[in-house]
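> All letters in the sequence shown, in the order written, are residues 2 to 291 by my numbering.
Honestly, the hints are just simulated from the structure, not real lab data.
For glycine and all other residues, C-beta sits at the position ideal for the given N, C-alpha and C.
Hints are supplied without guarantee of correctness; some may be wrong.
[Stated by the list, open to error] When the alpha-carbon atoms are kept at most 35 Å apart in a straight line, the in silico DSBU-like pairs for lysine-lysine are as follows:
#1 Lys255 with Lys271
#2 Lys264 with Lys89
#3 Lys47 with Lys106
#4 Lys47 with Lys57
#5 Lys165 with Lys53
#6 Lys194 with Lys89
#7 Lys87 with Lys190
#8 Lys106 with Lys36
#9 Lys165 with Lys91
#10 Lys36 with Lys194
#11 Lys271 with Lys165
#12 Lys36 with Lys264
#13 Lys255 with Lys190
#14 Lys69 with Lys46
#15 Lys106 with Lys194
#16 Lys69 with Lys106
#17 Lys47 with Lys69
#18 Lys64 with Lys255
#19 Lys255 with Lys69
#20 Lys36 with Lys267
#21 Lys91 with Lys167
#22 Lys271 with Lys194
#23 Lys255 with Lys53
#24 Lys57 with Lys134
#25 Lys48 with Lys106
#26 Lys193 with Lys106
#27 Lys167 with Lys284
#28 Lys134 with Lys69
#29 Lys193 with Lys30
[Stated by the list, open to error] Ranges between beta-carbon positions, derived for each pair:
#30 Ser263 with Ser86: 30 to 38 Å
#31 Arg260 with Tyr170: 39 to 47 Å
#32 Ile90 with Arg277: 18 to 26 Å
#33 Lys47 with Ala192: 36 to 44 Å
#34 Tyr170 with Met111: 19 to 27 Å
#35 Lys91 with Lys69: 19 to 27 Å
#36 Leu280 with Phe59: 40 to 48 Å
#37 Lys47 with Gly112: 45 to 53 Å
#38 Lys267 with Lys47: 42 to 50 Å
#39 Lys87 with Asn159: 35 to 43 Å
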Amino acid sequence: MGLSFFKRRFVQNIFLTGGTDGIGLSATKSLLAMKHRLFVTYRNKKKLDAVKHELKTFYDNEKITFLKCDLSEPDQINEIVNVVSKSKIKLDCLINNAGAILFKKSYNSMGIEKVFATNHLGPFYLTTRLIEKNLIHEGGRIINVGSSAHQTAVLDFNNLDSSKSKSWYERYSRSKLCNLLFTLKLSEKLAKKNISVNCVHPGIVNTNIGQDHKGILQFIIRLILKYRGISPEEGADTLVYLATNEIVQNLSGKYFINRSESKPSKEALKSDIADRLWLESTKIIDRFSS
């Protein structure tokens, strides 16, 4: 791949989920500053209006298309994939950033636990649909935003969405293990297309997590994030680096922290578990999209 390849690619068409808040918004700003063209998903219209107002002062809003989507809902994912398809634009990079930490158990319209649906099933479905429709360039990149929380997790295929779990942290950490396993399997599947797939832990970022809970737990977490968490800009740094830097173009199936390769848990490297997760995820999607 010569320099001309990178000059062509690196005014990119980038699809970023959850790009109107936290590290996603910081990534949006950084990528717009680099003159890339963006598709950005959002959920909250009021928040979107505030973001648009903030962005228009500094950035070219003609380079960004906002798409309303709850990543826990496959029907909404289908809608945004159709928008990309009709645009006749091929993506150079997909960033699966949108995620959820919910202290209270809740479910999507299909009865699937919402943290699992948002953090794993949604990105899984969005990514595979874009690939099926040939909407990602060969030589493109896929970046999954994971978490070091995966280190403690083990999947239970009798309770894959963790709906039977009483622990919010167990539900979250298992969904983040799914991100690593998905990265592992997808990188194998896309090797012949020269599409790289990597996962990033952004760090402990001071964002508005846990807004579904107003008790002492949220107070403690907010306190920790305030004094120990990094800024959204710092959290977005490695994500933007993986999306745009030519140095990492040929790296795939890796886990990154602070722009450096890191070692995930042993569970995250088990090919048989990754294979089964792919199979079970496909079964869930097929059941509700048929």
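> Now tell me if each hint is right for this structure.
A quick look at each hint next to the structure:
1. Lys255 with Lys271: With a Cα-Cα distance of about 14 Å, the restraint between Lys255 and Lys271 holds, given a limit of 35 Å.
2. Lys264 with Lys89: Distance ~38 Å between Lys264 and Lys89 Cα, so the pair is violated.
3. Lys47 with Lys106: Answer holds: Lys47 to Lys106 is near 25 Å, not above 35 Å.
4. Lys47 with Lys57: With Cα atoms ~16 Å apart, Lys47 and Lys57 stay inside 35 Å; holds.
5. Lys165 with Lys53: violated (40 Å)
6. Lys194 with Lys89: With Cα atoms ~20 Å apart, Lys194 and Lys89 stay inside 35 Å; holds.
7. Lys87 with Lys190: Holds, at about 26 Å.
8. Lys106 with Lys36: violated (40 Å)
9. Lys165 with Lys91: violated (40 Å)
10. Lys36 with Lys194: Holds, at roughly 26 Å.
11. Lys271 with Lys165: holds (24 Å)
12. Lys36 with Lys264: It holds: about 33 Å lies between the C-alpha atoms, which stays within 35 Å.
13. Lys255 with Lys190: holds (14 Å)
14. Lys69 with Lys46: holds (8 Å)
15. Lys106 with Lys194: violated (39 Å)
16. Lys69 with Lys106: holds (23 Å)
17. Lys47 with Lys69: Roughly 12 Å between the alpha carbons, so the hint for Lys47 and Lys69 holds.
18. Lys64 with Lys255: holds (30 Å)
19. Lys255 with Lys69: Roughly 30 Å separates the two Cα atoms, so the pair holds.
20. Lys36 with Lys267: Status violated; Cα separation ~39 Å.
21. Lys91 with Lys167: Given that 35 Å is the threshold and the Cα spacing comes to 42 Å, the pair is violated.
22. Lys271 with Lys194: holds (23 Å)
23. Lys255 with Lys53: holds (34 Å)
24. Lys57 with Lys134: Answer holds: Lys57 to Lys134 is near 32 Å, not above 35 Å.
25. Lys48 with Lys106: holds (24 Å)
26. Lys193 with Lys106: The hint is violated at about 40 Å.
27. Lys167 with Lys284: Roughly 25 Å separates the two Cα atoms, so the pair holds.
28. Lys134 with Lys69: Holds - the C-alpha atoms of Lys69 and Lys134 are around 20 Å apart, at most 35 Å.
29. Lys193 with Lys30: holds (32 Å)
30. Ser263 with Ser86: 30 to 38 Å: holds (35 Å)
31. Arg260 with Tyr170: 39 to 47 Å: violated (27 Å)
32. Ile90 with Arg277: 18 to 26 Å: Violated, at about 34 Å.
33. Lys47 with Ala192: 36 to 44 Å: Given about 43 Å between the Cβ atoms, the range holds.
34. Tyr170 with Met111: 19 to 27 Å: Once the Cβ atoms are compared, 24 Å apart, the range 19 to 27 Å for Met111 and Tyr170 holds.
35. Lys91 with Lys69: 19 to 27 Å: holds (22 Å)
36. Leu280 with Phe59: 40 to 48 Å: Once the Cβ atoms are compared, 45 Å apart, the range 40 to 48 Å for Phe59 and Leu280 holds.
37. Lys47 with Gly112: 45 to 53 Å: Roughly 28 Å apart at Cβ, these two residues miss the hinted range, so it is violated.
38. Lys267 with Lys47: 42 to 50 Å: holds (43 Å)
39. Lys87 with Asn159: 35 to 43 Å: holds (41 Å)
Of the numbered hints stated above, those contradicted by the structure are hints 2, 5, 8, 9, 15, 20, 21, 26, 31, 32, 37, listed in ascending order.
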